[in-house]
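Q: Quick note, the sequences are listed as chains A and B, same order. The first sequence begins at 1 in our numbering and counts up by one. The second sequence begins at 1 in our numbering and counts up by one.
Derived by calculation from the structure, the hints in this document are not laboratory data. It is possible that some hints are incorrect.
Since the list can't tell identical chains apart, any single copy or any two copies may satisfy a pair.
[As the list claims (entries may be wrong)] Capping the alpha-carbon separation at 27 Å, the derived lysine-lysine pairs in DSS-like fashion look like this:
id : residue 1 : residue 2
1  : LYS117    : LYS11
2  : LYS11     : LYS72
3  : LYS97     : LYS11
4  : LYS117    : LYS72
5  : LYS117    : LYS164
6  : LYS11     : LYS164
7  : LYS97     : LYS72
8  : LYS97     : LYS117
9  : LYS164    : LYS97
There are 2 protein chains.
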Amino acid sequence: MKVQVQPVKAKVQVQPVGYVEALRPHAEDDYWGGEEACITLTDEIEPDALQGLIHFSHAEVLFLMHQVAPSKIVTGARHPRNNDSWPAVGIFAQRGKNRPNRIGSTICRVVRVEGRKLFVAELDAIDGTPVLDIKPVMVEFLPRQEVRQPAWSHELMREYWLPKE
Amino acid sequence: MKVQVQPVKAKVQVQPVGYVEALRPHAEDDYWGGEEACITLTDEIEPDALQGLIHFSHAEVLFLMHQVAPSKIVTGARHPRNNDSWPAVGIFAQRGKNRPNRIGSTICRVVRVEGRKLFVAELDAIDGTPVLDIKPVMVEFLPRQEVRQPAWSHELMREYWLPKE
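Given the sequences, and given the hints that come with them, work out the whole structure.
A: Here you go:
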């Protein structure tokens with residue numbers, strides 16, 4: 001493998017392809033089960049960009065967690081949710097929102113498509129969230145081997161997908 | 001749900017958190033099975049950002065498909081891989097690289113971590129690829145219902161994860 005010298009400080013511009021309309025105005029940790037949201041594509045994307053997506057049960061949505069203040073971004077390790085009973089782990093070993101580039105990635109259920117609007121269930125994003133990409137979920141891109149993860153991560157997720165009421 | 005007026009043209013800057021060293025210098029469609037790659041974090045990320053990731057079997061890597069010329073980006077529908085025997089579908093109903101924002105998202109196997117270096121298997125990114133995020137894979141963030149997808153997508157993926165030789 002050759003060693004590459006890379007421009008470390010290179011920045012890249014991305015542009016929202018849509019915005020989320022959702023019930024929650026601010027970030028919340030848990031109880032996202034069944035919650036519906038709508039993604040409306042911007043005028044710069046053609047409406048047929050969603051054509052055929054309804055034949056997939058799930059879509060992966062990449063979004064910008066825009067309410068995270070840049071000063072709150074963690075570039076090293078911390079306790080997930082600042083909970084001391086879980087081990088301090090690197091920001092790339094947890095899925096918390098205070099991460100470099102503030103990009104969220106969530107697999108949600110495709111509910112319906114109406115022109116430029118995609119209705120999904122269980123997108124854990126707040127109202128006004130800029131969407132960076134939408135990808136169809138294919139089983140071939142899911143893990144092809146058994147998934148192992150530490151106990152703390154199961155504990156953290158225990159109430160995540162429970163319904164709110 | 002309230003209707004939001006959003007700044008459609010708002011752009012967002014992101015900054016690579018690392019770069020990929022890999023065998024392939026240019027994009028290829030298939031035969032990614034078992035291929036190993038190394039992600040080296042930039043100096044702006046602390047080395048303990050990867051701490052604890054080794055306890056996860058899989059990581060989701062978000063990366064910029066930087067060799068895609070902006071003029072080649074599709075904002076509507078097309079035949080996947082420009083193959084007429086598959087239906088024309090929207091760019092958000094396929095995972096091709098010529099997409100708005102050119103962001104790839106792949107679940108790969110965590111092989112080992114050495115300081116600022118993360119070694120992974122089955123990352124379908126080329127040498128020099130800027131990495132935007134690394135997230136641990138938790139079963140709770142995988143589909144929680146049966147995955148449905150159209151036949152063309154299974155055909156397209158048939159040789160994707162086969163080993164190269």
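Q: Determine for every hint whether it applies to the structure shown.
A: Status of each hint after checking the structure:
| no. | hint | in the structure |
| --- | --- | --- |
| 1 | LYS117 / LYS11 | between (30 Å within a copy, 21 Å between copies) |
| 2 | LYS11 / LYS72 | both (20 Å within a copy, 21 Å between copies) |
| 3 | LYS97 / LYS11 | both (20 Å within a copy, 20 Å between copies) |
| 4 | LYS117 / LYS72 | between (32 Å within a copy, 24 Å between copies) |
| 5 | LYS117 / LYS164 | within (24 Å within a copy, 40 Å between copies) |
| 6 | LYS11 / LYS164 | neither (39 Å within a copy, 33 Å between copies) |
| 7 | LYS97 / LYS72 | within (10 Å within a copy, 32 Å between copies) |
| 8 | LYS97 / LYS117 | both (25 Å within a copy, 22 Å between copies) |
| 9 | LYS164 / LYS97 | within (20 Å within a copy, 37 Å between copies) |
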